[in-house]
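Engineer: Okay, here's what each chain looks like letter by letter:
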Amino acid sequence: MNTKRIFSVIRREIKVSMGIGFIAATILIPLVMFAIVGIQVLVADIKTDAESPVTVLLDPNAPFESILRDEIGKSKELTESKVKVDYATGSGNGATEFLDSKREELLGNDNMGIIYIPNTAAQDKQVSFYSANPANAHVRLKMETVINKALNQYYFTSNGIQNIDIAQIQRAVTMTGNKVSKSGTEAESWGPLIVGGTLALMLLFGVSFNSMPVMTMVVTEKASRVYEVLLGSLTPLELLWGKIIGKTLVATLQMLIWVVAMAIVLMLLNNFVDVADAFRMDINIAVFAYYVVNYVIGLMTFLTLYAGFAVSYDDSGKASSALLPVYFAILFPFYTFFSLLGNPANGVSEVLSIMPLTSLYVMPARMALINVPAWQPILALVLNVAVLYLAIVAASRLYRLSILTTGNNPSLRQLVLWAKKAG
Amino acid sequence: MPTLEIKNLTKSFGDKKAVNDISFSANEGMIFGLVGRNGAGKTTTIRMLMNIYWPDSGQILYRGVERGPDFGPNSSYLPEERGLYKNMSVIDNLMFLAEIRDVDRKVADERAKRLLDRFELLAGVHIPVERLSKGNQQKVQIIGAIMHDPKLLVLDEPFSGLDPVNTELLKDLIVELKNQGKLIILCTHQMDIAEKLCDHICLVHEGELVLNASMADIKRQYSQSKVSFEATGDLSFLESLPYVHSVTLFGGRATVQVNTDKDIQLLLQELVKRDVHLRKFDANDMSLHDIFVQLTRGSAKGAETDTAEAKKEGAAAEQRNKQKESEAAA
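In order, the protein sequence lines correspond to chains A and B.
When you line the first sequence up against this note's numbering, it's residues 451 to 873, in that order.
When you line the second sequence up against this note's numbering, it's residues 762 to 1091, in that order.
Excised from the complex, chain A in its bound form:
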């Protein structure tokens, strides 16, 4: 292989990839991601000025009525959400008749719902919600909490337990984690998991955003017969390496820009906002360096597979359908990242963090969460490099064989056979 010629191909790839599109994508992708998350938060938090009238239907002489009225009256949540509660009484046929009489009101959204609390609810806590929109979480969840509190209060009172702080009873135990390491002990933080998850997500984004352009580029070049000219001076392997290295450099630069931007935002947050210990972002330089190497290897592996398989097709549509299994090979390892949520130190996480491809996502996150023995990341890296080498060998064979083929598109099985045959 001639490194000077590979360098020429790399330079071309960088020049082509670093245009306006690169700048726009680097700025817009994070903005779009934040917008997607932000919109969801905003939508969930929207408070309208409109009141939400709700009727609580009780059996006659409900024993918990006064406690219930008291709790509903005191509830800040209901007041802030403008849930306006009125009361009605009825049971048996009376309750049914009441519901029928309110049907028009419910259908016209003049009443957001009728909550029927029978006297038996004091024992079994079974309550019914009638509404044209029973999925209305805005009303339903808030009323559920208040009713539960009132029924608990009634239970304690009726059993002779007085003057208790019901909120204290309902509060769950919080177990604060403390990470013990050779250097000492520090309070546990969700920060490393967020960092690990973000890093895994960035690799997925890097692969997803770059694999399709690589595929399109390879297919277009094949269709335009540029290869006929290039192959006189370059070997298929030089051409493939040049493309993959060029694209990987651009994608890595993009990732680093995002990481630096994220680090600046976090630094500003740490300086100006009192971030809770639980969300403290401890970015370990060694983990980050490992991540960058890991990112480069992962990206190169997947882009190589994409380029190698795509070159057998001269139509982007057919190529993207045929490359679906390769895309699953990218997606599946990402989801193994969630195995860490249970216990990052268990056997499954350990295996996934060493296994080729899955380790690309799992190991950096695992390293961010717990102390991993040094041999494990090294072994994971070696295995991934071996997979990259195999991918390069297979892809360059396919490149050599199918770069100029035209006509019927080969099946995935045929491609595998070709790669074997070319050896």
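Simulated from the structure, these hints should not be mistaken for laboratory data.
Owing to the predicted nature of the structure, the values given are computational and were not obtained by experimental measurement.
We treat Cβ as the ideally placed atom computed from N, Cα and C, and that holds for glycine.
Among the hints, erroneous ones may be present.
[What the hints assert, rightly or not] For lysine-lysine, the following PhoX-like pairs were computed, each having C-alpha atoms within a straight-line distance of at most 20 Å:
{"hint": "1", "chain 1": "A", "residue 1": "LYS534", "chain 2": "A", "residue 2": "LYS592"}
{"hint": "2", "chain 1": "A", "residue 1": "LYS465", "chain 2": "B", "residue 2": "LYS847"}
{"hint": "3", "chain 1": "B", "residue 1": "LYS1023", "chain 2": "B", "residue 2": "LYS980"}
{"hint": "4", "chain 1": "A", "residue 1": "LYS465", "chain 2": "A", "residue 2": "LYS526"}
{"hint": "5", "chain 1": "B", "residue 1": "LYS932", "chain 2": "A", "residue 2": "LYS465"}
{"hint": "6", "chain 1": "A", "residue 1": "LYS454", "chain 2": "B", "residue 2": "LYS867"}
{"hint": "7", "chain 1": "A", "residue 1": "LYS599", "chain 2": "A", "residue 2": "LYS524"}
{"hint": "8", "chain 1": "B", "residue 1": "LYS980", "chain 2": "B", "residue 2": "LYS957"}
{"hint": "9", "chain 1": "B", "residue 1": "LYS932", "chain 2": "B", "residue 2": "LYS895"}
[Claimed, not checked] Not everything, but these chain A residues come out facing chain B in the computed CB check (under 8 Å):
{"hint": "10", "residue": "ARG455"}
{"hint": "11", "residue": "SER458"}
{"hint": "12", "residue": "ARG462"}
{"hint": "13", "residue": "VAL679"}
{"hint": "14", "residue": "LEU684"}
With chain A fixed as given, assemble chain B onto it according to the hints.
Structural biologist: Frame of chain A, contents of chain B only:
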């Protein structure tokens, strides 16, 4: 030792034999025409020559050895279809093509601008290739092919898409390159151009070599006692004439072989007598086009006979060439 030697080259695609046992040799300072009909096997042959296809069997020797590391930087290929990055500018395409052939960037830049100026493309140097006309794209591609000053230049249908002015411009360039001592393999089905430019012709038909000789030898051999003419009128009587050996009719164009040179006069008189309106009449000067038509048209059986004969003729011509070379060397 010939600069380029192709020995018994064979290539099949599935059951179809695209190239069957083709051999020829060519030297520097020569325009070597590889001619044939569409799908005859010309492009497959040059793709094997340029290391794009692997031959099933046979040998390709450059300066006496199998193509080594010096073959790539010394050779260049201009494919029939556009081999350029369409979204890249003209100058970026040219610089990239020069760089992968190890040309210094400064030298490449200087050379690109000089050639672009010659082909009247300097004004569009930063325009993406896709915005150029078909003819101008072809000119950029031609410049790209000679940017690294190759010793061997393989041109596949280089005149395709060019207007008459640019065709002349390219013809001049090809002759200039030949005069600089370069070997030019010109692959075309445009016989008039091949006839004017080529020193040596190889005619490929259905994957086989049916003619391999210098242009002078071909003319001498095929034009003797042969008449080609263009005419309007009934020409069906030609075959019944006693002094006519063979007739090939193609539209209003006829190629007739008579028994002796004296019979040419008789044939002309007969044509005039039968009120055939002659537009063109060439005696002992058969065009390459007519030779091509004669060798490649007709029934399969006829073609087979022609092919066998032409192969013998080709082998003899090859022998004569080698003899001349050894004499020259001596």
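Engineer: The hint names LEU684 (chain A) as touching chain B; please verify it with the least Cβ-Cβ distance against 8 Å.
Structural biologist: Holds: closest Cβ of chain B sits about 6 Å from LEU684 (chain A), inside 8 Å.
Engineer: Compare the distance between the alpha carbons of LYS465 (chain A) and LYS847 (chain B) with 20 Å, and conclude whether the hinted pair is satisfied.
Structural biologist: Satisfied, since the Cα-Cα distance of roughly 14 Å is no more than 20 Å.
Engineer: Take a quick look at whether LYS599 (chain A) and LYS524 (chain A) sit within 20 Å of each other, Cα to Cα.
Structural biologist: Holds. LYS599 (chain A) to LYS524 (chain A) sits at ~11 Å (cutoff 20 Å).
Engineer: Are the Cα positions of LYS454 (chain A) and LYS867 (chain B) separated by 20 Å at most?
Structural biologist: holds (16 Å)
Engineer: Mind checking the alpha carbons of LYS534 (chain A) and LYS592 (chain A) for me, to see if they're no more than 20 Å apart?
Structural biologist: holds (12 Å)
Engineer: Would the pair LYS1023 (chain B) and LYS980 (chain B) pass a check requiring their Cα atoms to be no farther apart than 20 Å?
Structural biologist: holds (19 Å)
Engineer: So if I understand the rule, the pair passes when the alpha-carbon distance is 20 Å or less; does LYS980 (chain B) with LYS957 (chain B) pass?
Structural biologist: holds (12 Å)
Engineer: Decide if the proposed pair is consistent with the structure: LYS932 (chain B) and LYS895 (chain B), CA atoms, cutoff 20 Å inclusive.
Structural biologist: holds (18 Å)
Engineer: Verify the proposed pairing of LYS932 (chain B) with LYS465 (chain A), using a straight-line Cα cut of 20 Å.
Structural biologist: violated (35 Å)
Engineer: Just to be careful: measuring from the Cβ of SER458 (chain A) to every Cβ in chain B, is the smallest value less than 8 Å?
Structural biologist: Holds, about 4 Å.
Engineer: Tell me if the interface restraint on ARG462 (chain A) is satisfied: Cβ within less than 8 Å of some Cβ in chain B.
Structural biologist: holds (5 Å)
Engineer: Against chain B, is VAL679 (chain A) within 8 Å by beta-carbon distance?
Structural biologist: With Cβ-Cβ at 3 Å, under 8 Å, it holds.
The structure does not agree with the numbered hints 4 and 5 stated previously, though it agrees with the rest.
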